[in-house]
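> Residue-level listing of the chains:
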Amino acid sequence: MIIAGGVYLERCVTPDTTQLLGSAGRAALGLSSLRNGIVLHTFHPVALWPDLEANFRPYGIECRPSPSSERIEFSYVFPLARPVQSPAIAASRSEELINGRDVLSFGCVEGDFVVRAQQAVFDPQGAPPRRFREHGAQARRLAVVLNAKEVMARTSKGSIDEAAGALLSAETADVVLVKDGPNGAYVFEQDGASHSVPAYASSSNYKIGSGDVFSSIFAHCWFDGMDPASAADLASRYTAAYVESAALPLPTELPHQVPRRPSGAKRLVLVVPLASTPARWFAHILREAVHDLGVAEVEVIDLARFLAGDVQPVRSGAAMLVCAHDREAASAILSNPRLAEGAPTIFMDTSVAPQTGEGLGHRIVSDLSQALYEACWAAV
Amino acid sequence: MGGSSTKSSTSRRKARATGTGGDGDGCPTKLKAVITGPAGGISPGAWLDVTLDQTPAPPRVVLSDLTSGNIVGSLTGIPDLDVLIRCLQNDVSYRAYVEGVTGGRVDVTVIKQ
Chain A
1 MIIAGGVYLE RCVTPDTTQL LGSAGRAALG LSSLRNGIVL HTFHPVALWP
51 DLEANFRPYG IECRPSPSSE RIEFSYVFPL ARPVQSPAIA ASRSEELING
101 RDVLSFGCVE GDFVVRAQQA VFDPQGAPPR RFREHGAQAR RLAVVLNAKE
151 VMARTSKGSI DEAAGALLSA ETADVVLVKD GPNGAYVFEQ DGASHSVPAY
201 ASSSNYKIGS GDVFSSIFAH CWFDGMDPAS AADLASRYTA AYVESAALPL
251 PTELPHQVPR RPSGAKRLVL VVPLASTPAR WFAHILREAV HDLGVAEVEV
301 IDLARFLAGD VQPVRSGAAM LVCAHDREAA SAILSNPRLA EGAPTIFMDT
351 SVAPQTGEGL GHRIVSDLSQ ALYEACWAAV
Chain B
1 MGGSSTKSST SRRKARATGT GGDGDGCPTK LKAVITGPAG GISPGAWLDV
51 TLDQTPAPPR VVLSDLTSGN IVGSLTGIPD LDVLIRCLQN DVSYRAYVEG
101 VTGGRVDVTV IKQ
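Read top to bottom, the protein sequences are chains A and B.
Heads up: the first sequence at position 135 corresponds to 135 in our numbering, and the numbers run straight through without jumps.
Heads up: the second sequence at position 56 corresponds to 56 in our numbering, and the numbers run straight through without jumps.
Accuracy of the hints is not assured; some may be wrong.
As the list claims (entries may be wrong) - Distance ranges between label pairs, derived from CB positions:
hint: 1; chain 1: A; residue 1: R141; chain 2: B; residue 2: Q89; range: 42 to 48 Å
hint: 2; chain 1: B; residue 1: G41; chain 2: A; residue 2: S335; range: 32 to 38 Å
hint: 3; chain 1: A; residue 1: G192; chain 2: B; residue 2: N70; range: 31 to 37 Å
hint: 4; chain 1: B; residue 1: V92; chain 2: A; residue 2: A296; range: 50 to 56 Å
hint: 5; chain 1: A; residue 1: A296; chain 2: B; residue 2: G45; range: 27 to 33 Å
hint: 6; chain 1: B; residue 1: V92; chain 2: A; residue 2: I89; range: 34 to 40 Å
hint: 7; chain 1: B; residue 1: R95; chain 2: A; residue 2: S335; range: 40 to 46 Å
hint: 8; chain 1: A; residue 1: R35; chain 2: B; residue 2: G41; range: 27 to 33 Å
hint: 9; chain 1: B; residue 1: G40; chain 2: A; residue 2: G309; range: 44 to 50 Å
hint: 10; chain 1: A; residue 1: L97; chain 2: B; residue 2: V92; range: 38 to 44 Å
hint: 11; chain 1: A; residue 1: G60; chain 2: B; residue 2: S68; range: 26 to 32 Å
To be verified - Below, in silico cross-link-like pairs of lysine to any residue (SDA-like), each with a Cα-Cα straight-line distance of 20 Å or less:
hint: 12; chain 1: B; residue 1: K32; chain 2: A; residue 2: R11
hint: 13; chain 1: B; residue 1: K30; chain 2: A; residue 2: P67
hint: 14; chain 1: B; residue 1: K30; chain 2: A; residue 2: P249
hint: 15; chain 1: B; residue 1: K30; chain 2: A; residue 2: Q138
hint: 16; chain 1: B; residue 1: K32; chain 2: A; residue 2: G192
hint: 17; chain 1: B; residue 1: K32; chain 2: A; residue 2: W377
hint: 18; chain 1: B; residue 1: K32; chain 2: A; residue 2: P249
hint: 19; chain 1: B; residue 1: K32; chain 2: A; residue 2: S230
hint: 20; chain 1: B; residue 1: K30; chain 2: A; residue 2: D16
Think of the hints as simulated: they come from the structure by calculation, not from any bench.
Values in this document were obtained by computation on a predicted structure and should not be read as measured data.
Glycine residues also receive a C-beta, built at the ideal position from the N, C-alpha and C atoms.
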């Protein structure tokens, strides 16, 4: 299998992580335990090619980099926050032709891979929007993988179903897969068949690169003849296993996994400190992340006023996430049945107290991304 | 070509300067990593030996339990891994400290001895 796409430096503040992976690097390394003969095409500065070799060659991955001017870096406050790309724009963009039987291709900051393959999976990775078949790319069988936000942005349709249908036609694709975060994923086939695939539960949630794992497992299975719905289901299971550990290569066997079903509610009450500018900035980052997970309505409430009983959120039909940055605040919520009404998920900063548990119907989670997912599984 | 190499050198300096440190030999003093393919039974606070498995080329950096000698995982997906390998080949000694175990995720800090 050929895997084409970016190898990027990824930095995250919490959890404190620095990795050299990117979509293509993660996909290649992830699949190295499941199949042989992986060839990695990417863009990278020539001076750093030995670093690519050191990272990927020991795992049986053949590196075929094309020169670029700079190593691209993505910085995250936490895994669900929108990343900051550095440099913001690549100095130049190149175009590379990829010929192969099975090709998994990711959208790339530094340029475009023009794929000529018997079967291809294309994950455009957001901007810049590009169709697979632009610039002469060809594939007898084609699957396109996007997230819900991307598929809606690429069409003028009012629903994911309509947007996916339009994309099937526009891309002349056999399959369109739409990843929808805590809701799982949807599979749309050229013959009109559609399937829903659940998200699977995990106890922690390192979301950076989860979509890369989804696309890579889908490609691995679909290229080998598995039907699209089964391949997508296995991709969702592997994604849950990956976000739990962030460990690569991917495991050869999966543990028993439980699907998470959405509850149907569309509101999330977010209780956060708002007393300072940094606190308000943090609240803004959280709100963006919740919106990106597909929750239509987010009500933000100041933690201090909530604890004092000054505000009463409308809890009907809503889930609640309380960010209790200190033990005192968490204890105040847990010990007060009135405040705890509605069984909020409570995020406890790991710098204060690494803790995960349950009590009085609450979930206490020390992983911020996991706390958001737990809240959204109740809210979406 | 000249312009291209200038940009490459700039990005290389930028990449090499972050998270590595060093005391003159160009070897990183400390770097953080998530263990690749971690075995079970690792606890926070444990110290691991850092060695090279020369079987593949280029070699793989493996971490093993200091007491039992059992391999507990390896390092990959980290910037400047080629530099770390070169330092280990030059007999610069490293140990890894297990910072945290969350779910199946094992975070270590690799520290120059």
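> Would you say the C-beta atoms of A296(A) and G45(B) sit inside 27 to 33 Å of each other?
Violated, at about 44 Å.
> Taking the Cβ atom of R95(B) and the Cβ atom of S335(A), is their distance within the range 40 to 46 Å?
Distance hint for R95(B), S335(A) holds at roughly 44 Å.
> Between the alpha carbons of K30(B) and Q138(A), is the straight-line distance 20 Å or under?
Measuring from Cα to Cα gives roughly 46 Å; hence the hint is violated.
> Check the hint pairing K32(B) with S230(A) against an upper bound of 20 Å on the C-alpha distance.
violated, 37 Å
> Is the hinted pair K32(B) and P249(A) satisfied, with a Cα-Cα distance of at most 20 Å?
With Cα atoms ~18 Å apart, K32(B) and P249(A) stay inside 20 Å; holds.
> Range first: 44 to 50 Å. Now tell me if the beta carbons of G40(B) and G309(A) are that far apart.
holds, 46 Å
> Does K32(B) pair with W377(A) here, judged by a C-alpha cut-off of 20 Å?
violated, 32 Å
> Decide if the proposed pair is consistent with the structure: K30(B) and D16(A), CA atoms, cutoff 20 Å inclusive.
holds, 14 Å
> Indicate whether the distance between the beta carbons of V92(B) and I89(A) respects the range 34 to 40 Å.
holds, 38 Å
> Does the hinted range 50 to 56 Å hold for V92(B) and A296(A) at CB?
holds, 55 Å
> When you take the CB atoms of L97(A) and V92(B), is the distance between them in 38 to 44 Å?
holds, 42 Å
> Does the beta carbon distance between R35(A) and G41(B) stay inside 27 to 33 Å, or does it fall outside?
holds, 28 Å
Violated hints, in rising order: 3, 5, 13, 14, 15, 16, 17 and 19; the structure is consistent with all others.
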